[in-house]
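Okay, here's what each chain looks like letter by letter:
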Amino acid sequence: MDWSPIWLTLKLAATTTSILLLIGLPLAWWLSRGKSVLKTIIDAFITMPLVLPPSVLGFYLLLALSPQHGLGYWLSHKFNIQFVFSFPGLVLASVIYSMPFMIGPIKSALQQLPLSLSHASYTLGKSETETFRKVLLPNIRPSLLTAIVLTFAHTLGEFGVVLMIGGNIPGVTRVASIAIYDAVENMDYAAANNYSLILFALTFIIVIAVFIFNKHSAKSPLE
Amino acid sequence: MIVINIEKKMRTYAGHQVLKVDNWIETGTITKITGPSGSGKTTLLKIIAGLVQPEKGKISFNGQVWLDTVQKHNLKPQKRNVGFVFQNYALFPNMTVLQHLQYATADAAWIERLLHFGKLETLTKHKPEFLSGGQQQRLAILRALAIKPQLLLMDEPFSALDYDMRSELINDLGKLIKELNATCLIVSHNPNEVEHIATNMIKIA
Chain A
758 MDWSPIWLTL KLAATTTSIL LLIGLPLAWW LSRGKSVLKT IIDAFITMPL VLPPSVLGFY
818 LLLALSPQHG LGYWLSHKFN IQFVFSFPGL VLASVIYSMP FMIGPIKSAL QQLPLSLSHA
878 SYTLGKSETE TFRKVLLPNI RPSLLTAIVL TFAHTLGEFG VVLMIGGNIP GVTRVASIAI
938 YDAVENMDYA AANNYSLILF ALTFIIVIAV FIFNKHSAKS PLE
Chain B
3 MIVINIEKKM RTYAGHQVLK VDNWIETGTI TKITGPSGSG KTTLLKIIAG LVQPEKGKIS
63 FNGQVWLDTV QKHNLKPQKR NVGFVFQNYA LFPNMTVLQH LQYATADAAW IERLLHFGKL
123 ETLTKHKPEF LSGGQQQRLA ILRALAIKPQ LLLMDEPFSA LDYDMRSELI NDLGKLIKEL
183 NATCLIVSHN PNEVEHIATN MIKIA
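Protein sequence lines, in the order shown, are assigned to chains A and B. The first sequence: position 216 = 973 (my numbering), numbered continuously. The second sequence: position 41 = 43 (my numbering), numbered continuously.
Hints are supplied without guarantee of correctness; some may be wrong.
[Stated by the list, open to error] Using 20 Å as the maximum straight-line C-alpha spacing, the simulated EDC-like pairs for lysine to aspartate or glutamate come out as follows:
#  : chain 1 : residue 1 : chain 2 : residue 2
1  : B       : K58       : B       : D109
2  : B       : K78       : B       : D109
3  : B       : K129      : B       : E9
4  : B       : K205      : B       : E195
5  : B       : K121      : B       : E57
6  : B       : K177      : B       : E131
7  : B       : K177      : B       : E57
8  : B       : K10       : B       : D24
9  : B       : K10       : B       : E57
10 : B       : K81       : A       : D759
11 : B       : K205      : B       : D70
12 : A       : K891      : B       : E170
13 : B       : K22       : B       : D174
14 : B       : K78       : A       : E885
15 : A       : K883      : B       : E131
16 : B       : K150      : B       : E195
17 : B       : K180      : B       : E195
18 : B       : K78       : A       : D945
19 : B       : K22       : B       : E9
20 : B       : K81       : A       : E887
21 : A       : K972      : B       : D24
22 : A       : K792      : A       : E942
23 : A       : K792      : B       : D24
24 : B       : K121      : B       : E197
Keep in mind the hints are simulated off the structure, nothing from the lab. Remember, predicted model here, so these are calculated numbers, not experimental data.
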């Protein structure tokens with residue numbers, strides 16, 4: 758069995774989750790504080806991948822990042838960066854596609870914390886950053902874990918968007934979900950079954966782990 | 003001297019109402035704030051602490067301007083050295099009693115004294131969820147005192163305490179506030195609660 762699609766999938770999921778954690782924490786915090794037209798628009802863009810067909814997102818990313826024109830041309834000629842049919846392209850697509858799974862739970866948890874917690878911290882002389890790090894973040898730990906796990910698990914199962922932007926290049930962009938599709942196309946059901954079983958087991962272990970970790974504070978890993 | 007002259011629109015069930023306060027308070031005194039529910043007592047404390055901004059107004063503390071809406075000046079709450087006891091306590095669920103105080107101050111001797119004052123010495127490793135209502139309220143008071151505030155704002159700070167504990171704590175608190183030379187504003191519904199330590203009263207209509 759060729760293990761490279763599994764390793765590539767895990768690498769993609771880990772990279773995407775790490776990037777989204779870095780982007781997601783400050784962004785979710787900003788979105789959770791007050792309302793504005795700009796915030797509503799950004800929130801809508803972040804949430805859209807939940808309902809948008811992955812092929813639509815993949816198609817527009819393919820157009821935008823194609824080295825023949827626009828942004829893709831500029832990136833390719835100015836910085837020699839190629840996103841289409843490459844691993845960085847998969848990461849970029851996954852980051853956009855999985856963003857609501859990271860931002861949603863964190864933003865929602867921050868909104869549910871009483872405002873008086875931040876206020877109490879400010880009156881103790883603490884900055885907004887210190888308040889976020891020492892008061893808010895520790896009190897949304899279960900939701901943070903849920904966000905990380907959902908993002909990781911969602912990236913494991915991505916298909917349409919990664920196929921559009923990355924294609925099916927063995928060892929470069931051929932992730933497990935595409936390897937399953939490819940195997941079925943070639944009537945190699947044994948290989949498809951192997952990959953499917955591994956993804957099935959991985960997902961099950963992840964969800965069980967969240968249930969155990971969050972047993973005191975959440976009834977479902979989606980909470 | 004604290005000079006407060008503010009106007010703040012507030013949304014209520016009956017529509018909008020305007021909170022107007024024009025008062026001055028001598029520093030080093032204890033002032034009781036009374037008024038009917040929904041009249042804006044809590045909002046007033048939050049405005050003084052810098053947590054809520056009024057549409058119009060000016061607040062100064064001993065000559066230092068904290069808020070001036072005309073000059074668009076609003077000193078951050080972090081810079082005001084104001085201790086605040088919230089009505090809902092606003093304790094941090096992730097911190098123990100000791101961690102609450104250590105978060106506010108690095109002065110170990112002061113922490114020890116506060117723990118003794120609030121009778122929480124034996125509960126230092128407890129998180130808020132394992133404290134009774136009265137213990138939580140005492141912790142909220144101790145946390146506000148931990149920064150040795152120049153101004154202490156207390157929103158219904160004794161409501162969860164039993165009679166004996168309340169009387170003792172109010173007396174000790176009066177002494178501690180005097181020792182810190184702090185000015186104190188206490189919101190209270192109870193007509194006799196802080197009568198013997200409060201020297202002034204502000205009534206909000």
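What hint numbers does the structure not satisfy?
The structure conflicts with hints 1, 2, 3, 5, 6, 7, 10, 11, 12, 13, 15, 16, 18, 21, 22, 23 and 24, although it agrees with all the remaining ones.
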